[in-house]
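Undergrad: Read off the chains here:
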Amino acid sequence: MNQSEWPLWEVFIRSKQGLDHKHVGSLHAADATMAVQNARDVYTRRLEGVSIWVVESTHIHASNPDEAAEFFDPAADKVYRHPTFYTVPDSIKHM
Amino acid sequence: METLEKDLSRDDQFQARIDADVRIEPKDWMPDAYRKTLIRQISQHAHSEIVGMLPEGNWITRAPSLKRKAILLAKVQDEAGHGLYLYSAAETLGASRDQMLADLHSGKAKYSSIFNYPTLSWADMGCVGWLVDGAAILNQVPLCRTSYGPYARAMVRVCKEESFHQRQGFEIMQTLAAGAPAQREMAQEALNRWWWPTLMMFGPKDSESPNTEQSMKWRIKRFTNDELRQKFVDMMVPQAEFLGLTVPDEKAQWNEARQAYDFGEVDWDEFWSVVKGNGLCNHDRLQARVQAHEEGAWVREAALAHAAKRAAREAAAVAV
Ligand SMILES: [Fe+2]
Ligand SMILES: [Fe+2]
Numbered sequence: 001m002n003q004s005e006w007p008l009w010e011v012f013i014r015s016k017q018g019l020d021h022k023h024v025g026s027l028h029a030a031d032a033t034m035a036v037q038n039a040r041d042v043y044t045r046r047l048e049g050v051s052i053w054v055v056e057s058t059h060i061h062a063s064n065p066d067e068a069a070e071f072f073d074p075a076a077d078k079v080y081r082h083p084t085f086y087t088v089p090d091s092i093k094h095m
Numbered sequence: 001m002e003t004l005e006k007d008l009s010r011d012d013q014f015q016a017r018i019d020a021d022v023r024i025e026p027k028d029w030m031p032d033a034y035r036k037t038l039i040r041q042i043s044q045h046a047h048s049e050i051v052g053m054l055p056e057g058n059w060i061t062r063a064p065s066l067k068r069k070a071i072l073l074a075k076v077q078d079e080a081g082h083g084l085y086l087y088s089a090a091e092t093l094g095a096s097r098d099q100m101l102a103d104l105h106s107g108k109a110k111y112s113s114i115f116n117y118p119t120l121s122w123a124d125m126g127c128v129g130w131l132v133d134g135a136a137i138l139n140q141v142p143l144c145r146t147s148y149g150p151y152a153r154a155m156v157r158v159c160k161e162e163s164f165h166q167r168q169g170f171e172i173m174q175t176l177a178a179g180a181p182a183q184r185e186m187a188q189e190a191l192n193r194w195w196w197p198t199l200m201m202f203g204p205k206d207s208e209s210p211n212t213e214q215s216m217k218w219r220i221k222r223f224t225n226d227e228l229r230q231k232f233v234d235m236m237v238p239q240a241e242f243l244g245l246t247v248p249d250e251k252a253q254w255n256e257a258r259q260a261y262d263f264g265e266v267d268w269d270e271f272w273s274v275v276k277g278n279g280l281c282n283h284d285r286l287q288a289r290v291q292a293h294e295e296g297a298w299v300r301e302a303a304l305a306h307a308a309k310r311a312a313r314e315a316a317a318v319a320v
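Residue numbers (the UniProt record's numbering), protein chains in the order written: chain A, 1 to 95; chain B, 1 to 320.
Some hints here could point you the wrong way.
[Unchecked claim] To give an idea of the interface, some chain A residues facing chain B are shown, with a C-beta separation under 7 Å as derived from the structure:
hint, residue
1, Gly25
2, Ser26
3, Asp31
4, Pro65
5, Glu67
6, Ala69
Since the hints were made in silico from the structure, they are not lab data. Glycine residues also receive a C-beta, built at the ideal position from the N, C-alpha and C atoms.
Use the sequences and the hints to build the structure in full.
TA: Spelled out as structure tokens, the structure:
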């Protein structure tokens with residue numbers, strides 16, 4: 001990477017009040033203020049958002065996809081965490 | 001030996017995921033050739049969006065009304081956005097933005113040849129939207145299901161915006177075709193010039209497209225060039241008829257047996273000549289991009305310097 005390249009930012013947009021911010025893509029900008037402005041122009045030209053977060057891409061830490069199987073495995077055999085695991089008698093309402 | 005065997009099984013595993021329609025994400029293992037092919041394909045696509053702003057930008061200041069000007073401006077701005085979505089998708093594969101731009105500017109990277117044709121009249125804005133964006137849509141809609149996640153997601157975003165592009169172009173054609181004789185003539189003349197180059201947008205014939213098979217297997221291409229070209233002709237001939245215009249191809253006739261339109265042979269010599277850089281505008285297009293990049297260098301540098309200065313000032317304030 002060359003010296004003059006602006007840093008990369010990940011962009012998250014809240015599409016409407018009450019919903020989570022969701023990752024939509026990335027862009028380059030010199031600083032956070034510019035990243036927010038560019039994100040508005042690149043990702044919300046048609047009212048796709050009411051709020052924008054930007055995070056410099058280098059600050060994102062991710063789980064390792066090569067270890068995804070082992071990593072997420074502990075949740076796989078715990079069916080009792082789901083309500084459907086339990087049988088509720090027919091005569092019981094509101095449960 | 002052991003690593004080789006492991007790699008082979010990795011390749012097979014990778015293909016199995018693709019066959020099962022599992023999306024590949026940036027940090028997932030992928031064969032080098034898949035990564036390289038995708039970087040080339042996505043960056044070429046991004047370059048096409050960016051260079052594609054030039055032929056239409058040519059008419060922004062001369063649009064016939066404020067409404068048309070606002071629409072054209074919005075469309076060209078969308079194309080800039082498409083370029084940016086795609087560059088960032090390519091960057092998730094490890095390509096650097098600066099390197100991609102350098103490859104465009106040096107002529108090493110290609111972009112769609114259609115943008116090496118000049119836009120001579122206002123009717124060309126109609127033809128570009130109706131035909132060129134129409135062809136792009138046919139190419140892009142299947143890519144919304146492509147195997148590489150960031151690419152597929154960028155294409156979904158792009159496709160949502162494209163249908164406005166095509167409709168505004170068709171509306172320009174409709175207005176001209178229903179206008180005075182001179183306007184009608186202008187519309188027909190533009191169609192005559194754009195018809196064949198848009199058929200070329202789908203690329204060489206299948207028999208001359210050796211990479212198609214591998215790309216289809218990887219699901220980074222979902223229809224062959226000839227399949228898409230046929231679809232395009234089937235869509236567009238009736239639309240031209242609706243406008244009261246004729247596509248410049250006597251062989252474009254409905255074939256009842258095939259349930260498709262027959263059409264003439266594309267001038268492949270012209271196609272290859274434009275690809276090799278000898279189109280009417282190849283030189284101008286690249287020069288315009290290089291000039292914009294060079295003349296914008298001081299802005300990019302100043303913005304970085306400003307950001308660094310402000311960060312330093314903030315750090316100093318915190319230290320106090
Ligand atoms: Fe586009
Ligand atoms: Fe477009």
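Undergrad: Now tell me, hint by hint, if it's right for this structure.
TA: Checked hints:
no.: 1; hint: Gly25; result: holds, 5 Å
no.: 2; hint: Ser26; result: holds, 4 Å
no.: 3; hint: Asp31; result: holds, 4 Å
no.: 4; hint: Pro65; result: holds, 5 Å
no.: 5; hint: Glu67; result: violated, 11 Å
no.: 6; hint: Ala69; result: violated, 12 Å
The structure fails to meet hints 5 and 6 from the earlier list, while all remaining hints are met.
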